[in-house]
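Fit chain L to the known structure of chain U by using the hints.
As a plain string of letters, each chain reads:
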Amino acid sequence: MSADLIPGGRDALVLRERAQPISGWAATATLAWRAMLKIKHVPFQLFDVTITPIMFTLLFTYMFGGALAGSPKVYIQFLLPGILVQTILFITVYTGVGLNTDIQKGLFDRFRSLPIWQPAPILGALAGDVFRYSVASTLIVVLGSILGFRPAGGIVGVLLAFGLVLIFAFAVSWIWIIFGMKVKTPESVMTTSFLFLMPLTFASNIFVGLETMPAWLQTVVRHNPVTHLTNATRGLMHGVPVGGEVLWVLSAAAVIVLVASPIALRLYHQER
Amino acid sequence: MTAIETASLVKTFGSTRALDGVDLSIREGSVYGILGPNGAGKTTAIRVLTTLLKPTSGRALVLGHDVAREPAAVRRKVSLTGQYASVDEDLTGHENLVLLSRLMGLARSDAKQRATELLDAFGLSDAAGKLVRTYSGGMRRRIDIAASLVTRPEILFLDEPTTGLDPRSRNQVWDLVRRIAAAGTTVLLTTQNLEEADRLAERLAVIDHGRVIAEGTSRDLKASVGSNTLHFHLRDPEQRAQAGALIEATPGGGLLPATDPAAFSIKVADAQVAAELLGALSRAGVQVTDFSLGSPSLDDVFFALTGRPAEAAQAGDDKPDKAKPSGARVGRGPTDDNAAKESAA
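Heads up: the sequence lines are chains U and L, in that order.
Residue numbering for the first sequence follows our numbering, starting at 1 and increasing by one per position.
Residue numbering for the second sequence follows our numbering, starting at 1 and increasing by one per position.
Isolated chain U, as found in the complex (with noise of 0.2 Å):
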């Protein structure tokens, strides 16, 4: 090599000298920005996981909008706030996998040999999931407004709503964190999520009102949780009062945390 040497003389191997240790905040929000730069540089990751919603928010609006309620326009207004929960529910998953992948890649032995903050990585990446997660939400409900959708409760009600799904995906991307570091690869991080995700959205009342279901499907539906979230969403977002829910969503969000935060740590703090 010829760049052997810097300006100056000295080798470049040698100039620096240990800094001080960054704080715990320094270090997450530092690769919080690792996160974005990610996002800048694979948007794809960002492509995928927004065109599903999109194509179902059009091919139920449209096919199914006339049969459910009458008309596509009627029926997106009722549609939308549960294609949000249901899209930022799916994105949750590529929290663990992106986990996993750092894993596999080595990526975080190199973290966890620097001298920082333990949970940092994890508090960084969950942070550019958060935004990735509100980045979605805008595009989804900036789509149904092209396509109709009038939120009565104004854009106080939606950004009540955003803030709202975001917690609960904050509180469900740390479900996925354990998975991530328990399982051997990132597909199979994002099958495993699916089984538990997809009968979770499909059995709620995104899609379809609780009364036009069977009585005991409606027991069901009616403790799942993303039916909780459906209709907090939906009566933020419509201007109709669901303290309840909201309360419902908070307090499970808040059990979900406090449950599962310390068990990735304490995984993540486990050797491999």
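Hints were generated in silico from the structure; no laboratory data involved.
Treat the hints loosely; a few may be bogus.
[Stated by the list, open to error] If you only want the chain L side, here are some residues facing chain U, beta carbon under 7 Å, derived:
1. L52
2. Y84
3. R102
[What the hints assert, rightly or not] To be clear about the criterion: a stretch of chain L counts as covered by chain U if any three or more of its residues have a C-beta under 8 Å from a C-beta of chain U, and this derived list gives those stretches:
4. 67 to 77
5. 91 to 100
[Unchecked claim] Here are the simulated PhoX-like pairs of lysine-lysine, each with C-alpha atoms no more than 25 Å apart in a straight line:
6. U:K38 x U:K184
7. U:K38 x L:K112
8. L:K130 x U:K40
9. L:K112 x L:K77
10. L:K267 x L:K222
11. L:K112 x L:K130
12. U:K184 x L:K54
13. U:K40 x U:K105
14. U:K182 x U:K38
15. L:K130 x U:K105
16. U:K184 x U:K105
17. U:K40 x L:K112
18. U:K182 x L:K54
19. U:K105 x L:K77
20. U:K38 x U:K105
21. L:K77 x L:K54
22. U:K105 x L:K54
23. U:K182 x U:K105
24. U:K38 x L:K130
Backbone N, C-alpha and C fix where the C-beta goes; we use that ideal spot for every residue, glycine too.
What follows is chain L alone, placed relative to chain U:
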């Protein structure tokens, strides 16, 4: 002072004893090599010393800090370049180095400057803005090592730094390791390649099944093998029997199997014996087209130490579920390389 000191270090995974009582003492400021075949416990040793694994029993001190009790203190002083990619493929080379510089506590502008300096020093300036996933194997290795040097570590751990690299990239990595050591950093590297250990390391430990089976300078190790390998080709394969008879008459000459009827590989005690044998062949009218004398390979060292060849030992340690990069050589390389050089001279 001692950089690394281990005593009866044991690490088990289920019933596999990946480290089975390892005692090492590594001087500060040196390049130390851990030599062994796949699955011998090299990676496990490095992962314990860099706090990624907790020892099952025994003790490991890194710069005076116990790896089990003071992992944070150890992490502040060491850097690890693992056997696998340890930078983000979806980021550019420059972004990766800025990321690590920031994590090591450099301010934003310092981090950018440091990234640029390192890319220059590692001959990667042209690829600074390219995503790492587009890098060649040699470039990947260099950016991996650069990522460990954003600030100067007191000990740099390199896990098989040249496995899977072409000879040119391998030489570049060797050159880097020498410069890093010259800058005062202790380097601990693992390798399957005796020549690599020989060229870089002041001392080395040979490990097998989680135990240190030999320790010393590479000269000591080669002496313990007590033989070199002489290779030659006959002009006329018909003379094989005649050559065979002369080899049998050579003191300590052990004939090694060969598939080519014109080719011979023979264990000889030293260069003098080889010269005498070649002289005898010449006097008997047996012509050779070329010959070379190779120093012992890892295979030879292993055979001498354990009485069995250095096959990839049990699976079950050294990261069993991750695919090995291609080109995992056990020993063969060095013999041939040395042979080529000596026959050229």
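Hint-by-hint comparison with the structure:
1. The beta carbon of L:L52 comes within 6 Å of a beta carbon in chain U, closer than 7 Å, and the hint placing it at the interface holds.
2. Because the closest C-beta pair between L:Y84 and chain U is about 3 Å apart, less than 7 Å, the hint holds.
3. For L:R102, the interface hint holds, the least distance from its beta-carbon to any beta-carbon of chain U being 5 Å, beneath 7 Å.
4. Remark: the stretch 67 to 77 of chain L is confirmed as covered by chain U, as 4 of its residues place a Cβ nearer than 8 Å to a Cβ of that chain, reaching the required three.
5. Figure legend: the stretch 91 to 100 of chain L, annotated as covered by chain U; annotation consistent (5 residues with Cβ-Cβ distances under 8 Å, at least 3 required).
6. Straight-line distance between C-alpha atoms of U:K38 and U:K184 comes to about 22 Å, which keeps the hinted pair within the 25 Å bound.
7. Only pairs whose Cα atoms come within 25 Å are accepted, and U:K38 paired with L:K112 is accepted, the gap being roughly 18 Å.
8. This hinted pair checks out: L:K130 and U:K40 have alpha carbons roughly 13 Å apart, not beyond 25 Å.
9. Pair hint L:K112 plus L:K77 holds up; C-alpha atoms about 22 Å apart against a cutoff of 25 Å.
10. Distance restraint check for L:K267 and L:K222: the Cα-Cα separation of roughly 13 Å lies within the 25 Å cut-off, and the hinted pair is therefore satisfied.
11. Using a Cα cut-off of 25 Å, the hinted pair L:K112 and L:K130 holds, with the two alpha carbons roughly 16 Å apart.
12. Pair hint U:K184 plus L:K54 holds up; C-alpha atoms about 21 Å apart against a cutoff of 25 Å.
13. Distance restraint check for U:K40 and U:K105: the Cα-Cα separation of roughly 20 Å lies within the 25 Å cut-off, and the hinted pair is therefore satisfied.
14. At roughly 24 Å between alpha-carbon atoms, U:K182 and U:K38 fall within 25 Å of each other, so this suggested pair holds.
15. For the proposed pair L:K130 and U:K105, the alpha carbon gap of about 19 Å is at most 25 Å, so the pair holds.
16. Restraint check for U:K184 and U:K105: the C-alpha separation of about 12 Å stays at or below 25 Å, so the hint holds.
17. Between U:K40 and L:K112, the direct Cα distance comes to roughly 19 Å. Compliance with the 25 Å bound is thereby established for this hinted pair.
18. Between U:K182 and L:K54 the CA atoms are separated by roughly 19 Å; this keeps the pair inside 25 Å, and the hint holds.
19. About 24 Å separates the Cα atoms of U:K105 and L:K77, which keeps this hinted pair within 25 Å; it holds.
20. For the given pair, U:K38 sits about 15 Å from U:K105 by alpha-carbon distance, which is consistent with the 25 Å threshold.
21. The straight-line distance between the Cα atoms of L:K77 and L:K54 is roughly 18 Å, inside the 25 Å bound, and the hint therefore holds.
22. Straight-line distance between C-alpha atoms of U:K105 and L:K54 comes to about 21 Å, which keeps the hinted pair within the 25 Å bound.
23. Taken as a hint, the U:K182 and U:K105 pair is honoured in the structure, with Cα atoms around 15 Å apart against an allowance of 25 Å.
24. The hinted pair formed by U:K38 and L:K130 meets the criterion: a straight-line CA distance of about 13 Å does not exceed 25 Å.
Violation of the numbered hints given earlier is absent; every hint is satisfied by the structure.
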